[in-house]
Structures are given as C-alpha cells and as structure tokens.
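Visitor: Sequence:
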Amino acid sequence: MSIKNIGIGIYNSIPSNIKNVLGKQNWLKPLRDSLFRKNGSYKEVETIIKRTYQNYPVEFKFMASFQVSVKASKRGIESKLLNNSMKLLNKYRPNNNDLHVLDVGANFGFLSLVWANTIASKGQIRAFEPSINLVSTINKSIKLNNLQDRLVVEHNAVGKEIKEVELFISNTTSNVLDINESGEVQKVKMISLDHYMVQSDLKQYDLLKIDVDGIELDILEGAVKLIKQFKPIVIVETNDNRDIVAYMKTLQYTILDMDLNEFKEPNPLPSNVFCVPNEAYL
Numbered sequence: 000m001s002i003k004n005i006g007i008g009i010y011n012s013i014p015s016n017i018k019n020v021l022g023k024q025n026w027l028k029p030l031r032d033s034l035f036r037k038n039g040s041y042k043e044v045e046t047i048i049k050r051t052y053q054n055y056p057v058e059f060k061f062m063a064s065f066q067v068s069v070k071a072s073k074r075g076i077e078s079k080l081l082n083n084s085m086k087l088l089n090k091y092r093p094n095n096n097d098l099h100v101l102d103v104g105a106n107f108g109f110l111s112l113v114w115a116n117t118i119a120s121k122g123q124i125r126a127f128e129p130s131i132n133l134v135s136t137i138n139k140s141i142k143l144n145n146l147q148d149r150l151v152v153e154h155n156a157v158g159k160e161i162k163e164v165e166l167f168i169s170n171t172t173s174n175v176l177d178i179n180e181s182g183e184v185q186k187v188k189m190i191s192l193d194h195y196m197v198q199s200d201l202k203q204y205d206l207l208k209i210d211v212d213g214i215e216l217d218i219l220e221g222a223v224k225l226i227k228q229f230k231p232i233v234i235v236e237t238n239d240n241r242d243i244v245a246y247m248k249t250l251q252y253t254i255l256d257m258d259l260n261e262f263k264e265p266n267p268l269p270s271n272v273f274c275v276p277n278e279a280y281l
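Residue 212 in numbering that gives the first Met the number 0 is what sits at position 213 of the sequence shown, and the numbering runs on without skipping anything.
Since the hints were made in silico from the structure, they are not lab data.
In this text, all values refer to a predicted model and were calculated from it rather than measured experimentally.
Just to be clear, a hint being listed does not mean it is correct.
[Said to hold, decoys possible] Straight-line alpha carbon distances no greater than 20 Å define the calculated DMTMM-like cross-link-like pairs of lysine to aspartate or glutamate that follow:
{"#": "1", "residue 1": "Lys79", "residue 2": "Asp212"}
{"#": "2", "residue 1": "Lys230", "residue 2": "Glu261"}
{"#": "3", "residue 1": "Lys79", "residue 2": "Asp258"}
{"#": "4", "residue 1": "Lys224", "residue 2": "Glu183"}
{"#": "5", "residue 1": "Lys248", "residue 2": "Asp258"}
{"#": "6", "residue 1": "Lys79", "residue 2": "Glu220"}
{"#": "7", "residue 1": "Lys79", "residue 2": "Glu45"}
{"#": "8", "residue 1": "Lys188", "residue 2": "Glu220"}
{"#": "9", "residue 1": "Lys162", "residue 2": "Glu220"}
{"#": "10", "residue 1": "Lys202", "residue 2": "Glu153"}
{"#": "11", "residue 1": "Lys121", "residue 2": "Asp97"}
{"#": "12", "residue 1": "Lys42", "residue 2": "Glu183"}
{"#": "13", "residue 1": "Lys263", "residue 2": "Glu278"}
{"#": "14", "residue 1": "Lys227", "residue 2": "Glu160"}
{"#": "15", "residue 1": "Lys224", "residue 2": "Asp200"}
{"#": "16", "residue 1": "Lys188", "residue 2": "Glu160"}
{"#": "17", "residue 1": "Lys90", "residue 2": "Asp217"}
{"#": "18", "residue 1": "Lys162", "residue 2": "Asp217"}
{"#": "19", "residue 1": "Lys159", "residue 2": "Asp212"}
{"#": "20", "residue 1": "Lys188", "residue 2": "Glu163"}
{"#": "21", "residue 1": "Lys73", "residue 2": "Glu58"}
{"#": "22", "residue 1": "Lys159", "residue 2": "Asp193"}
{"#": "23", "residue 1": "Lys139", "residue 2": "Glu58"}
{"#": "24", "residue 1": "Lys139", "residue 2": "Glu45"}
{"#": "25", "residue 1": "Lys121", "residue 2": "Asp200"}
{"#": "26", "residue 1": "Lys263", "residue 2": "Glu236"}
{"#": "27", "residue 1": "Lys159", "residue 2": "Glu183"}
{"#": "28", "residue 1": "Lys142", "residue 2": "Glu43"}
Let the sequences and hints guide you as you build the complete structure.
Guide: In structure tokens:
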C-alpha cells in the first residue's frame, strides 16, 4: 500500500468533528499546507474507486485533491444525483450505454468518469471546466483510465454569451469571479452551449448536468436551441433560484425533486432538480 493510500486511511479514521476543529487552527496552517498543497494549489492524489450505481459495477482510477480523494473513496461523490440520472436515462433513453453527456462544471470529473464507465461506455462525454488546474487533473484521470476516446475536457467557462472572464487560479470550484475579488486569477473564455453545439457539430445529446455555483440560469438561457433540438434530461443545481424551475417549464419540461417526484410549488426547492421533457414524462 502506498504512503498516500495509508494517509487516506488515516484521514478517514479521524472523526469529522475533530477534523473540523483542526482545520480551523491557524497554527496548524503550515502543516496543512505541507500535507495538502503544492505550488499554491492542491496536491494530487490517485485513488481507486469501486462502487455500484444502479446495475452498473464501476471501477476506475481517480485523481483529485487529498480531501476530495478521501471523500470519493469513502462514500463517493453526488451518489444520489448519479443514481437518479441513471434511473431517468434507463427509463427515457433505453439504449443506455451509448449516450452523450454534457457535464458543465466538471470539477475533478468524478461524475464524468462514472458516466463514461456506465451510460456512455459506448458514447461520449464533453466535460466543461474553467479551472486550468482542474482540467489538468481530469486529463490525468482520463489517461489513467484510457478514456481518451469517449471523455473530452473543454477548458471553458459556460454562460449565455461569449466573452473573457476571470477566476481564481487556486480555486477548485467551477464558478467565475464576480467583482472586487483579490488574489491570483486566470482569464478564460466563456462560451454558450448553443455556440458550442454549432462549433462542435453535435449530433446527439441525452443528458445535461449543470453545477457552477450561481450562474446556472445563464447557462440554460445560452442553451435554449440545444435543449429544444435534442430534448435531453437536464440536471441543474438550483442554489435556491426558483427562476430555474420557471424557465425549464417554459421549455416544456416537467421538474422532479431529489426523490424523482414531481416538484410542486410552494415546496422547498431541492438542491438539484431533474428535468424531463413533457412529451416523454406525460
């Protein structure tokens, strides 16, 4: 067993409340940085993921930061979202190993890697990630798993227009800067999915997942032609924005909650909504 894997095992054995306390101690910051950071960013750790989603046993190598690797190896990432996506696609897209997925806000690419080994094992994943550090790490996972033929990472932010935006170089989330932020930043091109559809000549499109910490509605508004043409299953993080639900309804979609029951107002907005074309759902 490697030293890194031993470290993950030890980290997993520490209760969460103790880790939270230690994480807030300023005097431990040099030690935390030496263990978890390198050249101003996160240190990469490779781990083996062995899990089952629906009827799919999955095993792959996963590169991420130490903390994310620990979480992924211990309990997976977004397991309910992944299971729900497969339930819906098994129901509405029965040829479920040749599907095409757009993963907007891929982060370390865990969801894309699962989909590439299940519903898209004979299909295609296009993952969008604005952070150059995360893009580099995802590409290492792709190479480790020999997925170059079906998982492609696009180094772009996604919105409703084409422009240049800025984000923190050390950030490991998929959001862009608003204004008045400080620290080292990188510039990256923002595109819309409608623009990408034309440029890449997409012919199939079964699932769209969006998780970008706040501009999900902008992305949907920049994907209206794509959604109308392909009528995919759409999974969106809501961030308490009810306009997302209203907008998807204008596109003739039925909105489901985290238990895949139809979402009804004025119920509390779930963390993610699962959107199914009315013509398929009804």
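Visitor: So, for every hint listed, does it hold in this structure?
Guide: Results for each hint:
1. Lys79 <-> Asp212: Holds - the C-alpha atoms of Asp212 and Lys79 are around 19 Å apart, at most 20 Å.
2. Lys230 <-> Glu261: Status holds; Cα separation ~18 Å.
3. Lys79 <-> Asp258: 9 Å, holds
4. Lys224 <-> Glu183: Given pair Lys224, Glu183 is violated - Cα atoms ~36 Å apart, limit 20 Å.
5. Lys248 <-> Asp258: Measuring from Cα to Cα gives roughly 19 Å; hence the hint holds.
6. Lys79 <-> Glu220: 26 Å, violated
7. Lys79 <-> Glu45: 23 Å, violated
8. Lys188 <-> Glu220: Holds. Lys188 to Glu220 sits at ~18 Å (cutoff 20 Å).
9. Lys162 <-> Glu220: With Cα atoms ~15 Å apart, Lys162 and Glu220 stay inside 20 Å; holds.
10. Lys202 <-> Glu153: 18 Å, holds
11. Lys121 <-> Asp97: It holds: about 4 Å lies between the C-alpha atoms, which stays within 20 Å.
12. Lys42 <-> Glu183: 18 Å, holds
13. Lys263 <-> Glu278: 19 Å, holds
14. Lys227 <-> Glu160: 18 Å, holds
15. Lys224 <-> Asp200: 13 Å, holds
16. Lys188 <-> Glu160: The hint holds at about 10 Å.
17. Lys90 <-> Asp217: Judged against 20 Å, a Cα distance of about 29 Å means the pair is violated.
18. Lys162 <-> Asp217: Holds - the C-alpha atoms of Asp217 and Lys162 are around 13 Å apart, at most 20 Å.
19. Lys159 <-> Asp212: Given pair Lys159, Asp212 holds - Cα atoms ~15 Å apart, limit 20 Å.
20. Lys188 <-> Glu163: At roughly 5 Å apart (the allowed maximum being 20 Å), Glu163 and Lys188 satisfy the hint.
21. Lys73 <-> Glu58: With a Cα-Cα distance of about 14 Å, the restraint between Lys73 and Glu58 holds, given a limit of 20 Å.
22. Lys159 <-> Asp193: With a Cα-Cα distance of about 9 Å, the restraint between Lys159 and Asp193 holds, given a limit of 20 Å.
23. Lys139 <-> Glu58: 16 Å, holds
24. Lys139 <-> Glu45: Judged against 20 Å, a Cα distance of about 10 Å means the pair holds.
25. Lys121 <-> Asp200: 19 Å, holds
26. Lys263 <-> Glu236: Given pair Lys263, Glu236 holds - Cα atoms ~17 Å apart, limit 20 Å.
27. Lys159 <-> Glu183: Violated: Lys159 and Glu183 sit about 25 Å apart, past 20 Å.
28. Lys142 <-> Glu43: Judged against 20 Å, a Cα distance of about 15 Å means the pair holds.
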